[in-house]
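Enquirer: Take these sequences, add in the hints, and give me the full structure.
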Amino acid sequence: GAVVSQHPSRVICKSGTSVKIECRSLDFQATTMFWYRQFPKKSLMLMATSNEGSKATYEQGVEKDKFLINHASLTLSTLTVTSAHPEDSSFYICSARDYGGYTFGSGTRLTVV
Amino acid sequence: RKEVEQDPGPFNVPEGATVAFNCTYSNSASQSFFWYRQDCRKEPKLLMSVYSSGNEDGRFTAQLNRASQYISLLIRDSKLSDSATYLCVVALRGAQKLVFGQGTRLTINP
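Protein sequences, first through last, are from chains L and C. So in the numbering used here, the last spot in the first sequence is 113, and the numbers never skip. So in the numbering used here, the last spot in the second sequence is 1110, and the numbers never skip.
Worth flagging that the hints you see were computed from the coordinates, not collected in a lab. Hints may be right or wrong, so weigh each one.
Mimicking DMTMM-like on lysine to aspartate or glutamate, the simulated pairs with C-alpha atoms at most 25 Å apart in a straight line are [to be verified]:
(1) K55(L) with D27(L)
(2) K1002(C) with E87(L)
(3) K1097(C) with D98(L)
Pulled from the structure, derived: some chain L residues nowhere near chain C, Cβ distances all over 10 Å [as the list claims (entries may be wrong)]:
(4) I12
(5) T17
(6) K20
(7) E22
(8) S43
(9) L44
(10) S54
(11) S73
(12) D88
(13) S89
(14) L110
(15) T111
In silico contact screen, one side only, chain L against chain C (beta carbon under 8 Å); selected entries [as the list claims (entries may be wrong)]:
(16) F34
(17) L46
(18) T49
(19) N51
(20) K55
(21) I93
(22) R97
(23) G101
(24) Y102
(25) F104
(26) G105
(27) S106
(28) G107
Here a beta-carbon is modelled for each residue, glycine too, at the ideal position from N, C-alpha and C.
Expert: Here it is as structure tokens:
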């Protein structure tokens, strides 16, 4: 089946630094990818929809200047958390629409200290 | 009102029991429906899609009532490995993005 690879799986960074998370579709082309955030014991909340070759579409309340999304190819989307703060600590998951439905990356656990 | 609402849970049931989860959605333009399961600190994995006619996959049965905007999942003969959080997920007609319910935590006890 379709595979979405997400890296890193876990990252710890200092407040004020930036962190980049990569999401790759390994065996299919994904013109659209989705970025979610999940806080402990909460459900996934869509942050933005990443469109290959164009600007991402952000959900209401998500700061586009803080969460930079780049989707430069049909197999790669990146999410950069800029000037990270402890409240940005969360589980970030990407997803892509494939021929069978939706496939999720394995997630990135970000801890900002 | 949340777009997708689920039983708050948590559910703690003995192995072998039958468990039922309910879910309602608010947008009548919703077109696609799914149940996902999520293990602790892992990504969601598709359990099954839900079709209007209802569908079954082994011990799992999903039902959809479009008139009531209601989705259900039934797990029969529950196993220890069924312990997870079950997410009700909806997609709007023409939209690609998924809307997740808050999830229901299920623990199967030996």
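Enquirer: Hints first: check each against the structure and report whether it holds.
Expert: Here is how each hint holds up against the structure:
1. Restraint check for K55(L) and D27(L): satisfied, since their Cα atoms lie roughly 24 Å apart, inside the 25 Å limit.
2. Of the pairs offered as hints, the one joining K1002(C) and E87(L) holds, with about 23 Å between alpha carbons and a cut-off of 25 Å not exceeded.
3. Taking the CA atoms of K1097(C) and D98(L), the gap is about 12 Å. The hint holds against a cut of 25 Å.
4. Every CB of chain C is more than 10 Å from the CB of I12(L) (nearest about 15 Å), matching its label as outside the interface.
5. The Cβ of T17(L) lies farther than 10 Å from every Cβ of chain C, with a closest approach of about 23 Å, so its non-interface assignment holds.
6. The claim that K20(L) is not at the interface with chain C holds, since no C-beta of that chain comes within 10 Å of its own (minimum 19 Å).
7. The beta carbon of E22(L) sits about 15 Å from the closest Cβ of chain C, which is more than 10 Å, so the claim that it is off the interface holds.
8. For S43(L), the non-interface assignment is contradicted: its Cβ lies about 4 Å from the closest Cβ of chain C, within the 10 Å cut-off.
9. Non-interface call for L44(L) relative to chain C: violated, since the shortest CB-CB distance, roughly 5 Å, does not exceed 10 Å.
10. With a least beta-carbon separation of about 14 Å from chain C, S54(L) lies farther than 10 Å from that chain, consistent with its non-interface assignment.
11. The Cβ of S73(L) sits about 19 Å from the closest Cβ of chain C, beyond the 10 Å cut-off, so the non-interface label holds.
12. Every CB of chain C is more than 10 Å from the CB of D88(L) (nearest about 18 Å), matching its label as outside the interface.
13. With a minimum CB-CB distance of about 14 Å to chain C, S89(L) clears the 10 Å threshold, and the non-interface call stands.
14. Separation of L110(L) from chain C is adequate, the least Cβ-Cβ distance of about 13 Å exceeding the 10 Å criterion.
15. Non-interface call for T111(L) relative to chain C: holds, since the shortest CB-CB distance, roughly 13 Å, exceeds 10 Å.
16. Evaluation of the F34(L) hint against chain C yields a held restraint, the C-beta minimum of about 6 Å falling below 8 Å.
17. Taken as an interface hint, L46(L) checks out: its beta carbon lies about 6 Å from the nearest beta carbon of chain C, inside 8 Å.
18. The restraint placing T49(L) at the interface with chain C holds, with a minimum CB-CB distance near 6 Å, inside the 8 Å limit.
19. Of the supplied interface hints, the one on N51(L) is violated, with its beta-carbon coming no nearer than about 10 Å to a beta-carbon of chain C, more than 8 Å.
20. Restraint check, K55(L) versus chain C: the minimum CB separation of about 16 Å is more than 8 Å; hint violated.
21. For I93(L), the interface hint holds, the least distance from its beta-carbon to any beta-carbon of chain C being 5 Å, beneath 8 Å.
22. For R97(L), the shortest C-beta to C-beta distance to chain C is roughly 5 Å, which falls under 8 Å, so the interface hint holds.
23. Annotation: G101(L) was flagged as interfacial toward chain C, and the flag holds, the nearest CB pair being 6 Å apart, inside 8 Å.
24. With a least beta-carbon distance of about 6 Å to chain C, the hint placing Y102(L) at the interface is held under the 8 Å criterion.
25. Residue-level restraint check for F104(L) holds (minimum Cβ-Cβ distance to chain C is 4 Å; threshold 8 Å).
26. Here the hint on G105(L) is kept, as its CB sits about 6 Å from the closest CB of chain C, short of 8 Å.
27. The beta carbon of S106(L) comes within 5 Å of a beta carbon in chain C, closer than 8 Å, and the hint placing it at the interface holds.
28. Among the interface hints, the one on G107(L) holds; its C-beta lies about 5 Å from the nearest C-beta in chain C, closer than the 8 Å criterion.
Hint compliance for this structure: hints 8, 9, 19, 20 are not met, and every other hint is.
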